[in-house]
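Asks: As you go down the protein sequences, you meet chains V and P in turn.
Numbering follows our numbering, in which position 61 of the first sequence is assigned residue number 61; successive positions increment by one, without gaps.
Numbering follows our numbering, in which position 244 of the second sequence is assigned residue number 244; successive positions increment by one, without gaps.
Keep in mind that the hints were calculated from the coordinates and are not lab data.
Yeah, the Cβ is synthetic: ideal placement off N, Cα and C, and Gly gets one too.
Heads up, a few of these hints could be off.
[As the list claims (entries may be wrong)] Part of the chain P face toward chain V, derived, beta carbon under 10 angstroms:
#1 Ser43
#2 His71
#3 Leu85
#4 Ser169
#5 Leu268
#6 Glu274
#7 Thr275
#8 Arg304
Chain residues, written in single-letter form:
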Amino acid sequence: MSEQSQVEQLVRDLSDGRLDRRTFLQRAAAAGLALGTANALAGALGADSAFGSTRAAGVLRVRAVGDVQNMDPAFIPGSNEGAVLANVYEGLVAFKPGTYNLVPVLADKWQPSNDGLRYHFTLRKGVKFHGGYGEVTAADVKFSFERTAGLTSPAIESPYKSDWAALGEVRVTGRYSGTIILKNKFAPLLTNTLPGFDGYIVSRKAVSDLGDDFAHHPIGTGPYEFVSWTPGQKTVLRKFEGYGGSWQRHVKAPIWSGIEFVPISVSNAATIAIQSGAVDWGPIGPEAVNSFKSDSKFRVDARTTLNYSWIGMNIAHPNLKDVNVRRAIRAAIDVPSILAAAFDGKWSRARSLLAPGMPVGYWKQAPAYARDVNKAKSFLARSGVSGLELTMAASKTAVGGQTIAEIVQANLADIGIKVQVLVQDRSVFNQLGGDAQKNRQLFYELFTTPTPEPSFATEWFTCGQVNVWNWQSWCNRQFSTWDAQAMKTLDPEIRSEVAWPTAYFAGKKAIKPSLQPSGFYQTWDFRQT
Amino acid sequence: MLQYLIKRIGMAFLVAVLLMVFLALLVHAVPGDPVNAILGQRSTPELVRTVREQMGLDKTVPAQVAQFVGHAFQGDLGHDFVSNLPVTNLIRNALPHTIALAVSSLALAILFGIPLGVLAATRPNGILDRLTGVVSISLITTPSYIAGLYLLLLFSLTVELFPAVGTGSFSHPIGYLQHLVLPAVALALGWIGYFARLVRTSMLEILNANYIRTAYAYGLRESVIVYRHALKNAIIPTVAVLGVGLGELMGGAVFVEVIFSRVGLGSLIVESIETRNYPVVQGCVLTVALLFVLANLLADLSYRFLDPRIRVEEST
Chain V
1 MSEQSQVEQL VRDLSDGRLD RRTFLQRAAA AGLALGTANA LAGALGADSA FGSTRAAGVL
61 RVRAVGDVQN MDPAFIPGSN EGAVLANVYE GLVAFKPGTY NLVPVLADKW QPSNDGLRYH
121 FTLRKGVKFH GGYGEVTAAD VKFSFERTAG LTSPAIESPY KSDWAALGEV RVTGRYSGTI
181 ILKNKFAPLL TNTLPGFDGY IVSRKAVSDL GDDFAHHPIG TGPYEFVSWT PGQKTVLRKF
241 EGYGGSWQRH VKAPIWSGIE FVPISVSNAA TIAIQSGAVD WGPIGPEAVN SFKSDSKFRV
301 DARTTLNYSW IGMNIAHPNL KDVNVRRAIR AAIDVPSILA AAFDGKWSRA RSLLAPGMPV
361 GYWKQAPAYA RDVNKAKSFL ARSGVSGLEL TMAASKTAVG GQTIAEIVQA NLADIGIKVQ
421 VLVQDRSVFN QLGGDAQKNR QLFYELFTTP TPEPSFATEW FTCGQVNVWN WQSWCNRQFS
481 TWDAQAMKTL DPEIRSEVAW PTAYFAGKKA IKPSLQPSGF YQTWDFRQT
Chain P
1 MLQYLIKRIG MAFLVAVLLM VFLALLVHAV PGDPVNAILG QRSTPELVRT VREQMGLDKT
61 VPAQVAQFVG HAFQGDLGHD FVSNLPVTNL IRNALPHTIA LAVSSLALAI LFGIPLGVLA
121 ATRPNGILDR LTGVVSISLI TTPSYIAGLY LLLLFSLTVE LFPAVGTGSF SHPIGYLQHL
181 VLPAVALALG WIGYFARLVR TSMLEILNAN YIRTAYAYGL RESVIVYRHA LKNAIIPTVA
241 VLGVGLGELM GGAVFVEVIF SRVGLGSLIV ESIETRNYPV VQGCVLTVAL LFVLANLLAD
301 LSYRFLDPRI RVEEST
């Protein structure tokens with residue numbers, strides 16, 4: 001029996017009551033069916049994952065790391081909302097799940113101009129918004145994009161305004177057609193803005209009718225519609241019966257009658273919740289991976305993200321101005337031990353800013369520095385610095401942050417550098433500029449890069465970001481110029497050539513010993529019943 | 001009595017006002033910037049400026065304090081910086097669950113702690129007394145989050161008796177109670193031990209009183225002497241502690257709510273402190289503090305009823 005027919009048989013058995021939900025989940029896994037939740041989850045799990053049949057297969061309960069707070073695409077605070085909204089909203093285009101290939105979703109036709117400044121689109125006809133808000137039209141597209149860009153009246157101040165900074169206007173040419181007109185070339189448009197949540201199409205009428213409540217009552221066109229949000233408890237979606245089927249050109253129809261996102265912030269509690277069957281699916285901490293892997297009732301899928309984390313040094317700080325001091329620190333830090341202790345060996349070592357999964361710019365041959373205490377001591381001796389005392393800050397919320405800081409403390413003690421560990425609240429850790437930057441010395445930081453836009457990984461190291469997010473205070477004009485060029489270069493091959501030297505520079509200058517990119521482990525709850 | 005009541009309510013009001021001012025000032029004394037925490041990587045100096053204005057953080061501290069106190073008296077605790085929801089809505093959603101947790105924990109503590117204390121006091125230095133001593137001290141020294149994790153492992157994972165996470169809904173009372181059992185037990189354990197020790201000490205003192213010896217001389221049954229005559233007086237110090245206990249339980253609920261992923265003021269406070277979401281922190285802490293004041297007021301008033309000597313002293 002083919003995989004497809006096995007899945008259909010399973011769904012029939014479930015619908016007819018011959019299988020309970022757990023057995024269904026278990027056998028679906030055995031049949032190779034992934035249970036993602038539309039685009040985002042499906043993307044994390046592989047192509048064609050979230051969809052199987054139009055017949056109901058119960059409610060999927062997903063562990064969320066935190067509760068949603070604001071579900072307006074122009075204001076979403078983070079990934080908790082992102083996972084929910086990926087099921088509720090659709091954009092003109094998106095990445096095909098499991099790939100970084102751009103495919104049309106709400107767009108029926110999609111045609112960029114040769115100069116990369118105009119993008120003509122024609123919408124699929126008859127696609128309906130949830131909640132009876134009518135058909136999607138080009139006017140909704142115009143409103144959605146211009147709203148985030150701050151071009152509507154009254155203008156909103158979206159934190160994602162910069163993603164639409166190049167937008168001149170969206171010109172409506174018909175009920176279903178229009179043109180996105182840019183002021184200048186902007187490569188992230190196709191790698192981040194349009195395929196990401198910046199590109200979600202909202203209903204103009206819903207935004208107007210719901211007012212402030214729109215942030216807590218999203219209205220999209222996706223396969224699932226919003227039902228309710230009980231703060232701290234769950235966010236409930238149900239299958240949208242009037243779904244326009246935009247995704248069905250690329251993946252199968254949704255199988256779940258509903259999805260519940262249950263916020264469980266503590267990693268240990270989430271592990272127990274998955275083991276006990278309180279939730280069916282969700283991310284787990286690195287520490288729980290082995291126990292789930294060794295249990296045949298569960299399936300663990302690992303996905304390497306594009307995120308990266310690193311131990312940084314503020315070279316503007318008097319204690320770290322001397323390059324030999326920095327070299328000594330780099331030579332003294334034991335990165336493999338950090339990976340083993342802080343991430344249970346589940347994260348891999350990164351050698352440059354761009355992760356292997358980045359479509360362009362990954363630097364395969366970048367050097368990795370092994371720990372060498374004698375070399376570190378010799379660098380320190382060359383600097384003439386003795387009795388050095390440093391601080392190392394890590395955010396409380398960073399996975400493994402405190403462990404990393406403590407290992408660095410121990411590593412540097414071996415070469416006579418005393419380190420004071422500062423484990424800080426995010427609001428303290430993230431303070432920008434001023435005294436916060438002046439006092440910053442060593443730190444452990446993580447940047448998330450949800451979309452395959454290389455410049456999003458490199459922009460934090462440019463001269464323009466000094467005193468903002470470039471906590472290293474490292475400014476290299478050539479690096480910054482390359483980075484700016486990469487933003488305006490549309491051809492992937494040329495981008496790769498531009499981005500390669502950026503990666504090279506970042507690695508060669510070795511402003512930090514790197515850890516990253518973070519392997520992100522997710523588990524499925526398929527219990528033997 | 002009326003005069004005393006007015007005096008106590010007046011004091012409670014004063015405490016509430018001072019508390020509001022203190023809270024409004026405190027959040028500004030704590031290092032950290034809510035704007036950067038909320039904006040994260042998207043934070044730019046221009047955006048920070050705009051958001052700061054929207055949040056009213058560009059005003060002077062005295063102006064912010066005055067605004068908070070003024071609005072609080074009108075029942076307006078401001079808006080959550082992130083979700084833009086009124087803080088009173090968030091509190092209204094979380095408070096009943098925290099009260100349910102605290103009250104049920106207190107009930108469990110009374111239900112098990114008092115009999116344990118009585119049992120120990122009636123057989124001083126015996127095996128039972130020593131055993132309850134060890135158990136009580138062990139319970140007191142076990143943090144609620146450790147107890148919570150063990151309870152989860154045992155009763156949610158191993159025997160699958162209770163749900164591992166969540167709060168349940170008041171509209172489904174059975175389900176709600178099932179969700180409540182483990183967190184309430186985790187929170188109550190320490191207080192069971194504490195009440196047991198408190199009642200034991202109090203009972204030992206009372207059992208040596210003349211009127212108890214007289215009762216024995218009259219040939220009354222031991223159970224009547226212990227439970228009707230001794231416990232009634234020995235319980236008064238415990239009642240005094242109840243007010244503090246309820247407040248402590250409301251505060252202590254933080255860890256339990258986080259471990260069991262329960263909705264409540266505790267988990268709301270923890271999340272908000274992390275992001276320096278001032279209005280939510282202020283609103284929640286104010287609510288907990290006011291409940292603390294209220295619980296103490298009720299405890300004060302209640303032992304005036306339980307102990308006639310206080311009423312007599314006052315009237316003379």
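Asks: Confirm or reject each hint.
Replies: Cross-check of the supplied hints:
| no. | hint | result |
| --- | --- | --- |
| 1 | Ser43 | holds (6 angstroms) |
| 2 | His71 | violated (18 angstroms) |
| 3 | Leu85 | holds (7 angstroms) |
| 4 | Ser169 | holds (8 angstroms) |
| 5 | Leu268 | holds (7 angstroms) |
| 6 | Glu274 | holds (6 angstroms) |
| 7 | Thr275 | holds (6 angstroms) |
| 8 | Arg304 | violated (39 angstroms) |
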